[in-house]
Structure formats: structure tokens, C-alpha cells
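Visitor: One line per chain: the protein sequences are A and B, in this order.
Taking the working numbering, the leading residue of the first sequence gets 1, the next gets one more, and so forth.
Taking the working numbering, the leading residue of the second sequence gets 1001, the next gets one more, and so forth.
Hints listed in this document are in silico derivations from the structure and should not be mistaken for laboratory results.
Any given hint could be a false lead.
A few chain A residues that don't get close to chain B, going by computed Cβ distances all over 12 Å [to be verified]:
1. Glu28
2. Gly40
3. Ser44
4. Lys80
5. Cys98
6. Ile121
7. Arg138
8. Ser144
9. Glu191
10. Gln212
11. Glu240
12. Ile256
13. His258
14. Met264
Simulated restraints, written as ranges between beta carbons of each label pair [to be verified]:
15. A:Met264 <-> B:Arg1182: 47 to 57 Å
16. A:Gln133 <-> B:Asn1022: 30 to 40 Å
17. B:Val1072 <-> A:Asn72: 50 to 60 Å
18. A:Gln241 <-> B:Gly1172: 12 to 22 Å
19. B:Pro1108 <-> A:Glu55: 40 to 50 Å
20. A:His258 <-> B:Asn1180: 52 to 62 Å
For glycine and all other residues, C-beta sits at the position ideal for the given N, C-alpha and C.
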Amino acid sequence: MALSLDIDRLVVDVYGVFQLGPMTLKLEEGQWLAVFGGNGSGKSLLAKFLVGALEDSAVRHVHGRGEVLGSNILLENEMKYTRQWVQQSPYLQFSGCCFTVEDEIAFGPQNLALPAAEIMIRVETALTRFKCQHLRLRNPQTLSGGEAQRVLLACALVMHPKLLVLDQALGRLSPEATYQVLDVIQCYVQELHCSVVMLEHRLFPAADYCQQRVLLNEGSASPFGEQLPASLVQHVVLPEQLKTVLLQETQNINEIAHLLSPFMRGGQACSL
Amino acid sequence: MLTIEKMGFGWGAENDCLQDVNLHIKQGEQWVITGENGVGKSTLLRLAAGLLKPSSGTVYLNGLDLAQLKSVEKAAQIGFLFQEVERQLFHSSVLDEIRFGLQLQRLPSSLIEERTQYALEACHLTAVAKKHPLDLHSGQRRMVAVACLCAMQPPLLLLDEPSRDFDPYWMGVFDTWLENSRQQGATVIAISHDPEFSQRYFQRAILINEGTARIVT
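Only chain A is shown next, with the shape it has when bound in the complex:
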């Protein structure tokens, strides 16, 4: 199966002040990757880097190599729309030039000059799946935090991406709504053969959906399973009960993975 992410011991210097890497990330088409890390660990920079949102002058290649969807990550790419990114602050990501939710969702496909009928179908599907039909005529800037995040996810998936990067993109949603939305994304990505990268400082719900997990610390990514419990407790927000359990352990996470199982909730099967 094709690799959506094929990054091998890559190190880049960003803005001359932050080193991203070394990191080795391999992600197959259709799979989910969770990148956990505390505040300032470089999650948002990594998200920008993966989707090509960092300006060329900001990135200096130091070591290693990386490909995203088969293209060199360090080179400008005309197919950037196949990588969609949802940020943590929804209001900062709205286009600012659309005065209804409907127009906001249609904005991306219109810029791809897709046929009007195709745009209408995509917008209706996105509105329905993310339960945003009642919001269609609202101004995006008047939405609540949770509503705004649903709309932005619709804006991302209406582009039919091959890589979806969620940078703490679900934080404004209630716990129930978070799982509902992730189930919708799961259905979408199965249909579109899209891969998902979730960048989070909370273990759940990302751990429920992502087959692969890494921990980012000061820009450097290392396998989640090789972490010691104390490191996890230090960098990632965990349920209190799990934290108590983990602090009594000294083996790495791979060896005590069964301790996480009672806290996991399997993603629901796609039924849309």
C-alpha cells in the first residue's frame, strides 16, 4: 500500500529558532497517526510543515529526507489542496470573505474551479454529515466554538483531501460530539482513502482512533510505545485514574499496553 507519509530521520530548522526532528514517520494510506506532545513541543509547527504551510524561507534542511503523498516535503507543491489542515483556533481559520456557513464550505471547491453541481453535492454531503444543516445561513463568525469546529472540519473534507491534519482541532466540542465527529471523519477517510494525523496534548480520544502513535518532545518524535510512564504523565493529559495506574509502573508503554485497554473506546463501524 502507498505511503502517505514517508519521513526518514528528517531534521529541519524552522525560523532559525526551533529544530523539528529527528523524526521518522511512516503512515500508510487510510491510516491514522497520533502525535502527542505538551505545549511548545512543536506540534503546530509540525502540522504546518506537513501541509506545506511554512514559507520556504522559514525552513532550512539539516538532515534526512521526507515525502508527503509521494512528493518531497521540502519542495513547493501545486497539489497542496490534497493536504488539509484544521487548526486549534477555529475563528482564525475562516476565510473572512464568506458570510454564510454554506459559502464558507463551498469556498475551497470554488477555488479549485469545480463544476457548480459537484460543489453543491459536496457541500450538502458535508453539511449533512457534520450535522450543520441548521447552520447553513449563519455567519461563521457568530458560531459557537463547537459549531465553528464542525464547520471547519466540513470545509476540510469537502476538498476530498488525501491527508487530513487535525491540530487539536476538536477541543471546543463536547465529549459526545467529539466522538460523533471522529466517527464521521472515519467514514469520510475510508471513502476517500485519506490518511489522518492528529496532533494532541490529550491521550483521548486520539488514542482510540490512531493505530500509530508517537510522542513529540522539543521537536523530536519518538515511538509512543517506547516511552516510560513517567514521561507520558509529564507531557500528555491523561485521565486521573490512568495516571495513578501508570505512575506505579516502571516498564515502557509497550510492555504495559494492557493497562490502557480499559480506558479505550473503539471507533464505531462506518454506517453512513
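Since the structure of chain A is provided, determine the placement of chain B on it from the hints.
Guide: Chain B in isolation, oriented as in the chain A frame:
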């Protein structure tokens, strides 16, 4: 401290966002507001801060009609932490951001400096005091807004999903500030989807559902 009587609010004539809300919150109490997305939690908090005007009913702060108070009087009494912290930071350095509210209160410059330094230390921001708030990571950025409240020391704190952006380290810093504020007698009303955070700090809870606010604990 805060009394809400028969308050209603709608976004436009046909939208009843909140109806007949009645709350009496005493000084020193801690309340959490819960409910699904889009039910009006942030709207209720903005009404309690006087940032929105009720369609009907009245909000009283210490027995005075909130609508009659001047902005500077409300700012001295009420500290507000917005859900989108970027919307409340507009100075080019952390230091200036913290000083701003104190300067508007026309406090003596020595007191402004004293409180600014105290807030920087309490919020672990001394090392980034001269940086632009928007150049900081999300945890520090939110803590800058908290530092502004810390410096102003208002008796009523209105916090919109305060715990969401913090990793374990910054959550610890925030917890310490909140606990200190509580011990100093601050009244706290917060919106939260985080059950562990809610259980840790709040004795009373309000559930908003279909436009009505119901006290559940």
C-alpha cells in the same frame, strides 16, 4: 455577588437562545456551566459580564444593575477569560498586555509594576515577558490572559473553557492560580466540558439545555 432575574436573550427576533434564566450566586462560590455545543453557555457568560444586553430581565452585580455600570467599573469587578484567547490579546508584548488593564484603572505606577511582576511570576511568564503574546505556544498564550486577570484581581472570574489548552505542566500552573484566587475569596463561574476539572473545583453546576438553565448540583 451575581443575581440573574428572569433573563432572556435571543440572537434576532426569532431565536430564543436563553429563556427565563434565574440564578443567585453568592460571593466565594464556584459554579460550572455545562451543556452541549451551541446551547448558549458562552452567551450566558457574556450576559453575566455585561458584554451582551439581555432581551428581557436583569443582571445584578452586588445589587446594582449591571447595565447601568460603566465599563471601567465592570472591569474592576469582573475578569473574563475568552474561549478564543487570541481575541483578547492585542498588545505587542506580554508585559504591556498585563499592564494594560491596570493602567485603565489609573492605579499608581508603582502598584502597576508590583502587580505586573507578581502576575508574571505567578503565571510562569517572566522568561517571555518581552515576547509578543501571539508568538507563544497555546498554553503560554492562554496563561497571558490568565496573568491579566491575576494582576487585576477582580472578585468575579468568568472563565470560558479555561483548562482546554493546557498540558500537565501548564495545567498545574493554572490550578495553583485558581486555587489562590479561590482562597482569596474570588467567585468563579466557568464553562467546562472537562469532567475531571469540573469535579476538582466546582461545588455547583448549571446545565443549559434547550434555552433553559437548570441547577443540577
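Visitor: State for each hint whether it applies.
Guide: How the hints compare with the structure:
Chain B leaves glutamate 28 of chain A outside its interface by the beta-carbon criterion, the shortest separation being 29 Å against a cut-off of 12 Å. For glycine 40 of chain A, the shortest C-beta to C-beta distance to chain B comes to about 4 Å, within the 12 Å cut-off, and the non-interface label is violated. Against chain B, the non-interface label of serine 44 of chain A is violated: not every CB pair exceeds 12 Å, the least being about 7 Å. For lysine 80 of chain A, the condition that its CB be more than 12 Å from all CB atoms of chain B holds, with the nearest at approximately 24 Å.
Every CB of chain B lies more than 12 Å from the CB of cysteine 98 of chain A, the least distance being 19 Å, so the non-interface label holds. No Cβ of chain B approaches the Cβ of isoleucine 121 of chain A within 12 Å, the least distance being about 26 Å, so the stated non-interface status holds. The non-interface label for arginine 138 of chain A is inconsistent with chain B: the shortest C-beta to C-beta separation is roughly 9 Å, within 12 Å. With a cut of 12 Å on Cβ distances, serine 144 of chain A falls inside the contact zone with chain B, its closest approach being about 5 Å.
The claim that glutamate 191 of chain A lies off the interface holds: its Cβ sits roughly 25 Å from the closest Cβ of chain B, which is beyond the 12 Å cut-off. Listed as a non-interface residue, glutamine 212 of chain A keeps its Cβ farther than 12 Å from every Cβ of chain B; the least gap is roughly 21 Å. The beta carbon of glutamate 240 of chain A sits about 5 Å from the closest Cβ of chain B, which is not more than 12 Å, so the claim that it is off the interface is violated. Listed as a non-interface residue, isoleucine 256 of chain A keeps its Cβ farther than 12 Å from every Cβ of chain B; the least gap is roughly 19 Å.
At the 12 Å boundary, the C-beta of histidine 258 of chain A stays outside the reach of chain B, the nearest C-beta of that chain being 23 Å off. Against chain B, the non-interface label of methionine 264 of chain A holds: every CB pair exceeds 12 Å, the least being about 17 Å. Between methionine 264 of chain A and arginine 1182 of chain B the beta carbon distance is about 34 Å. The supplied range of 47 to 57 Å is therefore violated. The given range of 30 to 40 Å is respected by glutamine 133 of chain A and asparagine 1022 of chain B, whose C-beta atoms sit roughly 33 Å from each other.
At roughly 56 Å, the beta-carbon separation of valine 1072 of chain B and asparagine 72 of chain A lies within the given 50 to 60 Å, and the hint holds. Between glutamine 241 of chain A and glycine 1172 of chain B the CB atoms are about 18 Å apart, so this pair conforms to the stated range of 12 to 22 Å. Between proline 1108 of chain B and glutamate 55 of chain A the beta carbons are some 45 Å apart, a value that agrees with the proposed interval 40 to 50 Å. The beta-carbon spacing between histidine 258 of chain A and asparagine 1180 of chain B, approximately 40 Å, falls outside the hinted interval of 52 to 62 Å.
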